[in-house]
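*Asks:* Since the structure of chain A is already known, use the hints to place chain B on it.
Those sequence lines, one after another, are chains A and B.
Under this note's numbering, the very last position in the first sequence is 86; numbers go up by exactly one each time.
Under this note's numbering, the very last position in the second sequence is 381; numbers go up by exactly one each time.
Mixed in with the good hints there might be a few duds.
No farther apart than 30 Å at their CA atoms in a straight line, the calculated lysine-lysine pairs in the DSBU-like style are these [what the hints assert, rightly or not]:
{"id": "1", "chain 1": "B", "residue 1": "Lys346", "chain 2": "A", "residue 2": "Lys54"}
{"id": "2", "chain 1": "A", "residue 1": "Lys67", "chain 2": "B", "residue 2": "Lys289"}
{"id": "3", "chain 1": "B", "residue 1": "Lys299", "chain 2": "B", "residue 2": "Lys341"}
{"id": "4", "chain 1": "A", "residue 1": "Lys86", "chain 2": "B", "residue 2": "Lys341"}
{"id": "5", "chain 1": "B", "residue 1": "Lys346", "chain 2": "A", "residue 2": "Lys85"}
{"id": "6", "chain 1": "B", "residue 1": "Lys200", "chain 2": "A", "residue 2": "Lys54"}
{"id": "7", "chain 1": "A", "residue 1": "Lys67", "chain 2": "A", "residue 2": "Lys85"}
{"id": "8", "chain 1": "B", "residue 1": "Lys362", "chain 2": "B", "residue 2": "Lys155"}
{"id": "9", "chain 1": "B", "residue 1": "Lys289", "chain 2": "A", "residue 2": "Lys54"}
{"id": "10", "chain 1": "B", "residue 1": "Lys199", "chain 2": "A", "residue 2": "Lys85"}
{"id": "11", "chain 1": "A", "residue 1": "Lys86", "chain 2": "A", "residue 2": "Lys67"}
{"id": "12", "chain 1": "A", "residue 1": "Lys13", "chain 2": "A", "residue 2": "Lys85"}
{"id": "13", "chain 1": "A", "residue 1": "Lys13", "chain 2": "B", "residue 2": "Lys289"}
{"id": "14", "chain 1": "B", "residue 1": "Lys346", "chain 2": "A", "residue 2": "Lys13"}
A partial selection of chain A residues facing chain B, derived with a Cβ cut-off under 10 Å [said to hold, decoys possible]:
{"id": "15", "residue": "Asp41"}
{"id": "16", "residue": "Ser42"}
{"id": "17", "residue": "Ile45"}
Just so you know, these hints were derived from the structure itself, not from any lab.
The structure displayed is predicted, hence computed values, not measured ones.
Every residue gets a Cβ at the ideal spot worked out from N, C-alpha and C, and that includes glycine.
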Amino acid sequence: MEQLINDLKLQIKEALNLEELTVEDFDENAPLFGEDGIGLDSIDILELIVLLEKQYGIRLSNPKEGKAIFQSVKTIAEYVQANRKK
Amino acid sequence: MSDEQKWAGTTYGNDWMHRWLIRMLRYVDTRVFYLFVAVFVIPVCLFLNPSSGICYRYFHRRIGYGRLKSSWMTYVNHCLFGQVVIDKFAMYAGKKFDIEIENFDALLRLVTKKEGFVQMSAHVGNYEIAGYTLPIQNKRLNALVFAGEKASVMRNRDRMFADTNIHMIAIRQDMSHLFEIERALADGDIVSMPADRIFGSQKFIEHDFLGAKARFPLGPFSVATMRELDVLTVNVMKTSLRSYKIYVTPLHYDKTATRKEQIRQLSLSYASELEKRVRQYPTQWYNYFEFWKND
Chain A
1 MEQLINDLKL
11 QIKEALNLEE
21 LTVEDFDENA
31 PLFGEDGIGL
41 DSIDILELIV
51 LLEKQYGIRL
61 SNPKEGKAIF
71 QSVKTIAEYV
81 QANRKK
Chain B
87 MSDEQKWAGT
97 TYGNDWMHRW
107 LIRMLRYVDT
117 RVFYLFVAVF
127 VIPVCLFLNP
137 SSGICYRYFH
147 RRIGYGRLKS
157 SWMTYVNHCL
167 FGQVVIDKFA
177 MYAGKKFDIE
187 IENFDALLRL
197 VTKKEGFVQM
207 SAHVGNYEIA
217 GYTLPIQNKR
227 LNALVFAGEK
237 ASVMRNRDRM
247 FADTNIHMIA
257 IRQDMSHLFE
267 IERALADGDI
277 VSMPADRIFG
287 SQKFIEHDFL
297 GAKARFPLGP
307 FSVATMRELD
317 VLTVNVMKTS
327 LRSYKIYVTP
337 LHYDKTATRK
347 EQIRQLSLSY
357 ASELEKRVRQ
367 YPTQWYNYFE
377 FWKND
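Okay, chain A solo, but in the shape it has when bound (with noise of 0.2 Å):
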């Protein structure tokens, strides 16, 4: 599990294009969105959707799902676990 939350911590840095954020400032619980957190927005979003497809070919179809899964790297990594594809 540490691994992959350091996999998607870095897979994110990259897509999400966040230069000042180190993956040992990245914290693992903190929101994703939102002000007290790392301040992503919608167009992260799809980011994100389209890094777990290509990355570990998840799918995701429900935006009720997404918001769940996408509180935090820890709730990413979660689910990447539970359903990848590879």
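*Replies:* Below, chain B without anything else, positioned relative to chain A:
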């Protein structure tokens, strides 16, 4: 964001007015409505609507017209905007327009490919006419539209698109549109979206546009480069009372470059094409919000 920058994303008027307009347009020549709008509606709108100041500054500072000509062109621009709205309702009423398509082959080439592609539009001319006119068979075209549009407009769009391959994706608070966009592109369909106005995500990229720095939304360019998709822009310009010309232009970017560079190249290509079209048809720019950083 200033009031000028906020935009409801809807067509003026209420449902009853729209239904009445469509009914009248079945029997009355569109020119009668053009005249009515030019004489009675636009002068009032120019006084009440903040868009007139934005439009004046566009003509004066960006196009370089003098004060008097800019004032006159602001009026002409609003009259033309009134005409394209009337034309839209005239199409709902069953009226036909003469349409010329430039570079249609570029669109056909992409339609025959297995992969999906992105079709970018702008707030110039009358883009909706393209949806009713371009004969696209092999792929489904998913057009991103504002969820707050008036019921009459949405109902008529649904009716016009009933026998076509066109599907509308409404931008919603729950972000379900993002999932629809992703699914459409993954399935090899077309996604159409405006790329000259910041909405939803506030991320932007700056380019020189008509002589000053302007902010373009990052979203459309980000979506296209996510899957390294082909992109083209479609601009539909009014050329006379009853005719339009559709310009189809492929946009280029280096798909082997870094993602950031891809976005820069693609957005620059879009901005250059839009500038070319705006200089060709300066009175058909309807992007009524503060587009330029320092204006």
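*Asks:* Does each hint hold? Answer for all of them.
*Replies:* Each hint, compared with the structure:
1. For the hint pairing B:Lys346 with A:Lys54, the CA-to-CA distance comes to about 18 Å; that is within 30 Å, so the pair holds.
2. Using a Cα cut-off of 30 Å, the hinted pair A:Lys67 and B:Lys289 holds, with the two alpha carbons roughly 21 Å apart.
3. A distance of roughly 26 Å separates the Cα atoms of B:Lys299 and B:Lys341; the hinted pair therefore holds under the 30 Å criterion.
4. Simply put, A:Lys86 and B:Lys341 have alpha-carbon atoms about 25 Å apart, close enough for the 30 Å limit, and the pair holds.
5. Between B:Lys346 and A:Lys85 the alpha-carbon distance is near 29 Å, which keeps this suggested pair within the 30 Å criterion.
6. At most 30 Å may separate the alpha-carbon atoms for a hinted pair to count; B:Lys200 and A:Lys54 meet this at roughly 18 Å.
7. Between the alpha carbons of A:Lys67 and A:Lys85 the distance comes to roughly 21 Å, so the proposed pair stays at or under 30 Å and holds.
8. Under the criterion of a C-alpha separation no larger than 30 Å, the hint pairing B:Lys362 with B:Lys155 is consistent with the structure, at around 21 Å.
9. Of the supplied pair hints, the one linking B:Lys289 and A:Lys54 holds, its CA atoms being roughly 24 Å apart against a limit of 30 Å.
10. Distance check on the hinted pair: B:Lys199 and A:Lys85 sit about 27 Å apart at the alpha-carbon level, within 30 Å; holds.
11. At most 30 Å may separate the alpha-carbon atoms for a hinted pair to count; A:Lys86 and A:Lys67 meet this at roughly 23 Å.
12. Using a Cα cut-off of 30 Å, the hinted pair A:Lys13 and A:Lys85 holds, with the two alpha carbons roughly 22 Å apart.
13. A C-alpha spacing of about 16 Å is found between A:Lys13 and B:Lys289, which places the hinted pair at or below 30 Å, so the restraint holds.
14. At roughly 13 Å between alpha-carbon atoms, B:Lys346 and A:Lys13 fall within 30 Å of each other, so this suggested pair holds.
15. The beta carbon of A:Asp41 is positioned within 10 Å of a beta carbon in chain B (closest approach about 5 Å), and the interface hint is therefore held.
16. The interface hint given for A:Ser42 holds, since its Cβ lies 5 Å from the closest Cβ of chain B, which is under the 10 Å cut-off.
17. The beta carbon of A:Ile45 comes within 5 Å of a beta carbon in chain B, closer than 10 Å, and the hint placing it at the interface holds.
In this structure, every one of the numbered hints holds.
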